[in-house]
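A.B. asks: For reference, each letter of the sequence shown is one residue, going -22 to -1, 1 to 131 in mature numbering (1 follows the signal peptide of the UniProt record, and there is no 0).
Simulated from the structure, these hints should not be mistaken for lab results.
Certain hints may be false.
Listed next, the in silico SDA-like pairs over lysine to any residue satisfying Cα-Cα at most 25 Å (straight line) [stated by the list, open to error]:
id: 1; residue 1: Lys63; residue 2: Thr125
id: 2; residue 1: Lys21; residue 2: Leu52
id: 3; residue 1: Lys19; residue 2: Thr125
id: 4; residue 1: Lys19; residue 2: Lys47
id: 5; residue 1: Lys95; residue 2: Leu27
id: 6; residue 1: Lys19; residue 2: Lys95
Cβ-Cβ distance ranges computed for the label pairs, FRET-style [unchecked claim]:
id: 7; residue 1: Arg14; residue 2: Leu60; range: 20 to 28 Å
id: 8; residue 1: Lys123; residue 2: Thr88; range: 19 to 27 Å
id: 9; residue 1: Thr126; residue 2: Thr78; range: 19 to 27 Å
id: 10; residue 1: Pro72; residue 2: Asp92; range: 32 to 40 Å
id: 11; residue 1: Tyr69; residue 2: Pro101; range: 19 to 27 Å
id: 12; residue 1: Glu71; residue 2: Asp18; range: 30 to 38 Å
id: 13; residue 1: Glu56; residue 2: Thr118; range: 20 to 28 Å
All C-beta atoms in this analysis are idealised placements derived from N, C-alpha and C, irrespective of residue type, glycine included.
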Amino acid sequence: MSARLLLSSLAGVAVLGGGALAAVALVGTADAAPARPTIDKAKATSVVLGVSGETFTFTTTVSDNSGIKSVRVLPWPEGSKLDPKAAEMEYAEPTTCEATSATTSVCTYTTPLDKEKDAATMPTGTWNMAVLVTAKDEDTTFSAKATTFHVTR
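Given only the sequences and the hints, what does the whole structure look like? Please build it.
C.D. replies: Structure below.
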C-alpha cells in the first residue's frame, strides 16, 4: 500500500469520524429534554379545626427558565380515595405569586377556615397538597403530594 493512499484513508476516517461526532452531538442536543418547572420549599400550615380565626396557608418556591405563569393547588385528605391528576387541576385554587427573579416566584395560597362549618365537614388526619405549575412557555410540572399537613380538632 502506498504511503499516499494510507494518508488519504486516514484523512477520510478522520473526516467521517469528525462528522459522526458532530452528528451525535447534534442529536444529543436535539433529544435533550426541555427544562420543566421545579417545585421547591413547599410547605403548608397544620390546621386545628374549631378555632376562631384559623387560616390555612400554603407556600412554595417555583422556578422555570421562561418564568412562572401560574400555580394551582388542591388540598386533599390522604385517607380519601382521591388521586388528583394534572388534567384535573384546571379548576383548582389559584395561588398568588410574586416573582423574586425572572425565573423564580414565591407562590402563596391562603384561605380562612369557618370555625363551625369546616369543623363539621373536614376530615381530620394527614392531608396532601397537589400542585400544578405552568411556566410562561406552557411547560408544566405536577405533584400530587408536593407537601403534607395535618388537620386536627
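A.B. asks: With reference to the structure, classify each hint as holding or not holding.
C.D. replies: For each hint, the structure was consulted:
Proximity of Lys63 to Thr125 is assessed by CA-CA distance (about 16 Å); at most 25 Å being required, the pair is judged to hold. Straight-line distance between C-alpha atoms of Lys21 and Leu52 comes to about 13 Å, which keeps the hinted pair within the 25 Å bound. Annotation: proposed proximity of Lys19 to Thr125 holds, straight-line Cα distance about 9 Å (limit 25 Å). Taken as a hint, the Lys19 and Lys47 pair is honoured in the structure, with Cα atoms around 18 Å apart against an allowance of 25 Å.
Proximity of Lys95 to Leu27 is assessed by CA-CA distance (about 10 Å); at most 25 Å being required, the pair is judged to hold. Among the hinted pairs, Lys19 with Lys95 is inconsistent with the structure: their alpha-carbon atoms are about 30 Å apart, more than 25 Å. For the pair Arg14 and Leu60, the beta carbons lie near 24 Å from each other, so the given range of 20 to 28 Å is met. Checked against the hint of 19 to 27 Å, the C-beta distance between Lys123 and Thr88 comes to roughly 20 Å, which is consistent with it.
Take Thr126 and Thr78: their Cβ atoms lie about 25 Å apart, and the range 19 to 27 Å holds. Restraint check, Pro72 to Asp92: a C-beta distance of roughly 20 Å breaks the suggested window 32 to 40 Å. Separated by about 21 Å at the C-beta atoms, Tyr69 and Pro101 satisfy the suggested range of 19 to 27 Å. Separation of Glu71 from Asp18 is about 20 Å and departs from the stated range, judged on CB atoms against 30 to 38 Å.
Between Glu56 and Thr118 the beta carbon distance is about 23 Å. The supplied range of 20 to 28 Å therefore holds.
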